[in-house]
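Protein sequences appear in the order of chains A and B. The numbers in this note's numbering rise by one with no breaks, and the one at position 32 of the first sequence is 32. The numbers in this note's numbering rise by one with no breaks, and the one at position 513 of the second sequence is 513.
I should point out that these hints are in silico values taken from the structure, not numbers from a laboratory. Keep in mind that the hints are not guaranteed to be accurate.
List of simulated lysine-lysine pairs, DSBU-like, C-alpha gap at most 30 Å [unchecked claim]:
#, chain 1, residue 1, chain 2, residue 2
1, A, Lys73, B, Lys519
2, A, Lys6, A, Lys74
3, B, Lys384, B, Lys303
4, B, Lys447, B, Lys303
5, A, Lys74, B, Lys384
6, A, Lys33, B, Lys528
7, B, Lys303, A, Lys69
8, A, Lys68, B, Lys519
9, B, Lys535, B, Lys216
10, A, Lys74, B, Lys270
11, A, Lys68, B, Lys387
12, B, Lys384, B, Lys101
13, B, Lys528, A, Lys74
14, B, Lys535, A, Lys69
15, A, Lys69, B, Lys101
16, A, Lys30, B, Lys220
17, B, Lys384, B, Lys220
18, B, Lys270, B, Lys519
19, B, Lys384, A, Lys73
Reference listing, derived: stretches of chain A covered by chain B, where coverage requires no fewer than 3 residues with Cβ under 8 Å from a Cβ of chain B [claimed, not checked]:
#, stretch
20, 21 to 34
21, 55 to 67
Only part of the chain A face toward chain B is listed, based on derived beta-carbon distances under 7 Å [stated by the list, open to error]:
#, residue
22, Trp9
23, Val10
24, Leu13
25, Ile15
26, Gly17
27, Thr42
28, Ser43
29, Ala46
30, Phe48
31, Pro51
32, Ala70
33, Ala71
34, Ser77
Where a beta carbon is used, it is the ideal one built from N, C-alpha and C, also for glycine.
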Amino acid sequence: MPWPPKVFWVGLLIIYGTAVLGWLLEATVKIQKIPTAQIWYTSIWATFLAPLIVSWMYFYFMERAEAKKAAEKKEVS
Amino acid sequence: MAESVDPVVIAIVAIYLIAVVVIGYYSRVRLKSAVDYYVAGRRLGSVVNGLALQSTYFSPASMLGLPAYIFLIGYPFWWGMMAIVAGMPIATLLTAAALRKYAPVSFADYYADRFGDERLRWWIGIIVIVGSILYIALSLVGMALFMVAILKMPYLIALIITTVITMFYVVYGGMIATSWNAAMQAVVMTFAAIIAAIAIVWQLGGFEGVYYAALKSYPKIWNTPADAPDVPHLLSSTWIAVIGWFFVWHYGFATMPYTVVRFFTTMDIKTARRSIFWCTLAAGAFYVALQLIGITSKYMIEKYHPIAVAAGGNMTATQVLATIQKTYGIGTVTDYSMIAAVEALGNPVVLGILCAGGLAVAMSTAAGWAVVVNTIIARDWMVKLLKSKKAEERPIFYGRLVAFIFLLIGFIVAIQPPALVLDLSGWAFIVVICSLGPGLVLGLWWKRATRAAMWITAIVMFIVSMVAWLRAHLVLGHHARFFLDDILFGNPNALITPHQVWTIPVGFILFIIISLLTKPPEEERVQKYCVELTKEV
């Protein structure tokens, strides 16, 4: 069965982990009521930085794996 | 009316439109074949394609609709916005890289090949047409609203002008022109949103000022369902609703036709992956800016808008918008709230940049959908299914004809839009994702996905999602109410399910069940369109 690479699951963990952790902290300790807090953790981190880091991981690690594989192939031949 | 046409605003917008014409002209010189028209000759680099992806994916539903929704219900929607941007990297490995490896021309190609049935192009085309009409209409609404802000003219005349501009732009350029222009438009619209947000944050004295301005406009804005009964709004009153808003647009980037086709236009799989990084960068910045504008728009309008100031500061933001609605004959004036917030800054340079950005976001989306629908009809239906010799010999002519017809239909819908632009986009998302998403994602990643499951899911979920959205909207008063609330619970507010988002998991479950109950697909087909495509994505 086709299966996405490991880095895919790490990315999902960052994205959904952020959302679930945010909801838990909002529901329990009401973190969003700290002035400006929600701007930082939902806007700057969750909307901008987290997806950007994941999108970087998704091309960087895939390309690195491909380069490694190509080098191994070259060595064998 | 205290407003007048500002030459600075017009000059900035004119510069933008001249840039569109120049890029369109030079792109047209390069338009030599049908592949150029449909998929930009498959020679776009990662930055251009990534920016084009961003501007195509984001429509007036984002730029106007998101702030309008915040204005209307006083709920920040930040988790939902995170979900939209976070859906982009997920698409990289879920569908983008595999589909680029496959390299089709049309959105329907994959379905026809993977499930071994050319007739699927008919039904997929019908679903795409529904999405196209909704999206083209909302794009034209958005453009017309910005035109009202620029030229202070009646909405209907603004709509006619913007439809004509978009027709010339799409009909003559095709995917090459729309790609290069869309990349430029991404820069303009992102820059516009950031400039407007910085100006507002500056005016309010930083993030703290933004926080308290939002709190003053909406005392419950920072509450969650845990604060019940003091929730911001009924539509965000339960965790099911909050999670529902998160997922409405989340998987769109991986499965909606107008973004999926942009995975076909890159040079190779590596460029496809990298282009999503650039897209995410611009998209994240764009949304952060819109979020800040959205939560402060009510405060800005009431305190600084020229109409409110002329009335001695005694008008509510809703009254200001009602005055604008009456003056210009706008159908859904809440969509104007973001523009009004920037008008309140009293800075024509910022307003000019915002209007140029607004036209950019609307033009690129209308163009993206027009190209998708003309590929489906002129190529898939006319050439592939009806074997039309004429359409085969003159693909660009027929493509343009279809684009023209759909822009005309979009224009008619946009005269009196059936809902706010964000609602129209949410509807299109859910209808397309729940009926076509399972076949695309599971077709790639699950060997057992069958033709019968594809047909049944596409037909059943299309009908269910259309009926559910329409019944909730027309009978229960809002699409966010579960469509059977009154029948099952005797209370129209019993269960809040934004845009009937439950149809997406139901679509996937239905697809899996039917696949397991029907004959497995041929091994050769599975190997070619499932195993090989997802290897090393």
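### Query
Are three or more residues of the stretch 21 to 34 of chain A within 8 Å, CB to CB, of chain B?
That given contact holds, which follows from 8 residues of the stretch 21 to 34 of chain A lying within Cβ reach (below 8 Å) of chain B.
### Task
Take the C-alpha atoms of Lys528(B) and Lys74(A), compute the straight-line distance between them, and say whether it is at most 30 Å.
With Cα atoms ~26 Å apart, Lys528(B) and Lys74(A) stay inside 30 Å; holds.
### Task
Verify the proposed pairing of Lys74(A) with Lys270(B), using a straight-line Cα cut of 30 Å.
holds, 20 Å
### Task
For the pair supplied as a hint, Lys384(B) and Lys303(B), confirm whether the alpha-carbon distance does not exceed 30 Å.
violated, 58 Å
### Message
Given Pro51(A) as an interface hint, is its Cβ closer than 7 Å to any Cβ of chain B?
### Response
holds, 5 Å
### Query
Can the restraint linking Lys74(A) and Lys384(B) be considered satisfied, given a maximum Cα separation of 30 Å?
Outside the cut-off at roughly 43 Å; violated.
### Message
Run the distance test for Lys69(A) versus Lys101(B): straight-line Cα separation, threshold 30 Å.
### Response
Within the cut-off at roughly 18 Å; holds.
### Task
Could you check if Ala70(A) really has its C-beta closer than 7 Å to a C-beta on chain B?
violated, 11 Å
### Task
Go through the hint on Ile15(A) and say holds or violated, using the shortest Cβ distance to chain B against 7 Å.
Holds: closest Cβ of chain B sits about 4 Å from Ile15(A), inside 7 Å.
### Gly17(A) as an interface hint toward chain B, with CB separation required under 7 Å
violated, 11 Å
### Interface hint outcome for Leu13(A) [beta carbon to chain B under 7 Å]
violated, 12 Å
### Message
Given the hinted pair Lys535(B) and Lys216(B), is their Cα-Cα distance within 30 Å?
### Response
It is violated: about 53 Å lies between the C-alpha atoms, which goes past 30 Å.
Hint compliance for this structure: hints 1, 3, 4, 5, 6, 7, 8, 9, 11, 17, 18, 19, 22, 23, 24, 26, 32, 33, 34 are broken, all remaining hints hold.
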